[in-house]
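Listed below are the residues making up each chain.
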Amino acid sequence: MDLAFSEEQEMLRASARQFVRDRYPPERVAALADSSGFDRSEWRTLAEMGWTGISVPEADGGAGLSFFEEMILAEELGRGLYPGPFFASVVLALPLLRVAGGDDMVAGLVAGERVATLAWAGPEGAFDVDPAPKVSWEEDRLTGVKLFVPDLAAADLVVGLGGLPEGTGVWAVDRDADGVAWRELPTVDATRRMGEVALDGAAARLLGTIGPGELAKVRDRALAALAAEAVGVGHAALDMGVAHAGTRVQFGRPIGAFQAVSHQLAQAFLEIETARSLAYWAGWAVAEDQPEASTAAAAAKARAADASVAACERAIQVHGGTGFTWEHPLHRLYKRALGISALFGWGAEHRSRIAAAILDSSGAP
Amino acid sequence: MDFRDTQEEAAFRSKLRGWLAANLPDGWDATEWREPEGEARVAFYKEWSRKLYEAGYIGLHWPRAYGGGDAPITLSAIVLEELARSEAPEHIGLIGIGMAGPTIMAHGTDEQKDRFLANILSGEEVWCQGFSEPEAGSDLASLQTKAVPDGDGFRVTGQKVWSSFAHIADWCILVARTDGSGGKHEGLTYFLMDMHAPGVEVRPLRQITGDAEFNEIFMDDVFVPRDRVVGEVGKGWQVAITTLMNERANVGFALLARLDANVRRLIALAKGTPRNGAMAADDPLVRDRLADLWTDVQAFRFTIYRSFSALLKTGVPGPEGSVAKLFWSETNQRLAKTALEIEGAYAMLGAGSDRAVEGGRWQTAQLRSRGNTIEAGTSEILRNIIAERIRGLAKSR
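As you go down the protein sequences, you meet chains G and A in turn. Residues 1 to 365 (this note's numbering) are what the first sequence spells out, left to right. Residues 1 to 397 (this note's numbering) are what the second sequence spells out, left to right.
In isolation and in its complexed conformation, chain G is listed as follows (with noise of 0.2 Å):
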């Protein structure tokens, strides 16, 4: 057993801290969560950086690391709130594609040309495996609504998946195709923002059928990367409530000398530790196509969820008033952990599959 990260390892997640405070410091982040969103121009940089396609292959054009990397950049961008499309693209979309016999379009997404999400989730808001939610497929035409699709402004190629009686339909539709219609919703964390797409015959091409088993582990993905994500955003909030408790004076002393302050983000310390732990574990288990995936990804993003919006919370406490001020860059952060927690499942979804993992079958869990 061996849970240090190794020395590159270190100096990926260096790497990444390091831009993000270079490129997106808090103020950007604000101008662009107020405006426009993320400018697509940017994108290319990421794929300078070889993180567009950090996963895939080096043969495909990746830079052929493993998931776990990915997860380090997932918590790395999380940390910075970083505003472009990551987790559509290339945690999403791209293990999708490569599973599904999409592969010629994973060169362009993996060198930055093109920027991918995906379309999951019906109307009814669920991102569910076995089955996933109905489309309609004839002659050659794809019909169906798709909701919280991440980032669909900054994205050209939407992969679109839907059931079919023959299995899980994987599609690629370009996302201003004849027959797409599609707009951004007004979603509270105006850092990722979701997306509508309405097919109506849309042009689509199908790129194959799946299985149920090969769908849960690109979600097994998604939640293993929000969990970092997750990790990242509290930890911010936790370094913002530390520094304003240790400058803020009130009653002639820093307020974080008060024990009912300090013990606050002493908790929120413990909590968001305890949940690295899941992640990392996750990350691993994934990485590794370990059995316990399934169940270490769905722990690792219930309970991160949790303690990022705790941290949040914490820390907007701890600022007082200055804390509930749009001004303050608390809220995005809190906004991300909510929009972390709603995002393919709160914590109660996830506690469900986890106990019939642990109290449903003979095996040890």
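To be clear, the hints were calculated from the coordinates, so they are not data collected in a lab. Bear in mind the structure is a predicted one, so any value in this text is a computation, not a measurement. Check each hint, because a few of them may be wrong.
[As the list claims (entries may be wrong)] Facing chain G, from chain A, some residues (calculated, C-beta under 7 Å): (1) D2; (2) D5; (3) E8; (4) F12; (5) R41; (6) A281; (7) L285; (8) D288; (9) Q298; (10) S309; (11) K313; (12) S379.
[Stated by the list, open to error] A few chain A residues that don't get close to chain G, going by computed Cβ distances all over 10 Å: (13) T6; (14) S14; (15) T74.
Where is the CB? At the ideal position from N, CA and C, for every residue including glycine.
Put chain A on the given structure of chain G with help from the hints.
Just chain A now, with coordinates in the frame of chain G:
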């Protein structure tokens, strides 16, 4: 990063499991198992401790010169984990192995190392801890037990409390005040006190469960020779910190395995308890709680592992370690409480009732768990430590 045992670790673990299966005392862990009482109880634990030691499973990472095995600390962690997993009886020298031994190794004289260390591992000599006092709990440094120079040693007078094993101990790691003129952290001295010396009196304290795990120690003019001082006279606080760091450092693996065993028992309880025409394990609210507790246990597991990996890599415990005890204690309390809720009305019956579920195991476990957030640093003190040391907040005192 790899969450699996290495080949060597896996081989060692499987050998140890085999040994435990063959050597656990007959009838151990059966519900009707009753520990021997009084002298027989001490003899039982001493014999088991010697057996473990002779099989080579105790003090593996200690130097060979002091009875250890010069092995990587990972193997010691595996031993702790497997002993707890099999719910084996505990080694009688918990205080010696976990606290007195590491402190003597770090600060003791060569004579003290030769005299004490090997006997700790074999269970030959039992140790207890004399730190807390009635007026010095969380504020340990304010302790008032006095040690006055007398010839070639000191005369100790005072009272210690919450001392596990004191009623059967041969030796005590004792902190007493040798100089009251300076600040409270100055003038303290760390002693190794013979529990059989004249003037030492031990009174058991009965606790919330009805058991008497710990004791009060009364010292009336007890002579402690000069060569039983650890470190320098007046510099005992620094030595005591070593003991306290060790108290919280290595127990993680044992706590983890015990928690793991408990969550498995809890799952079995839920599956076997009828409720509303089905089983408790079918109730959505119970399922949510169990999944959450299971998640807690995994979070604790990988936090311990991360902390341990940081220790192996850097030589210093990572920040994860200081949250571990705090997190564990609260998880253990929730777990035990959940068991009572699953039992329903049967939660009223404890050990001694033939109607009690599992012989009253959960009633005792739940009451005992209230001590978890108090012993070895209260949750409040641990949150202070996290806030002050790790996050660099201004001191609250």
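Going through the hints against the structure:
no., hint, in the structure
1, D2, "5 Å, holds"
2, D5, "6 Å, holds"
3, E8, "11 Å, violated"
4, F12, "12 Å, violated"
5, R41, "33 Å, violated"
6, A281, "5 Å, holds"
7, L285, "10 Å, violated"
8, D288, "5 Å, holds"
9, Q298, "6 Å, holds"
10, S309, "4 Å, holds"
11, K313, "5 Å, holds"
12, S379, "9 Å, violated"
13, T6, "7 Å, violated"
14, S14, "15 Å, holds"
15, T74, "7 Å, violated"
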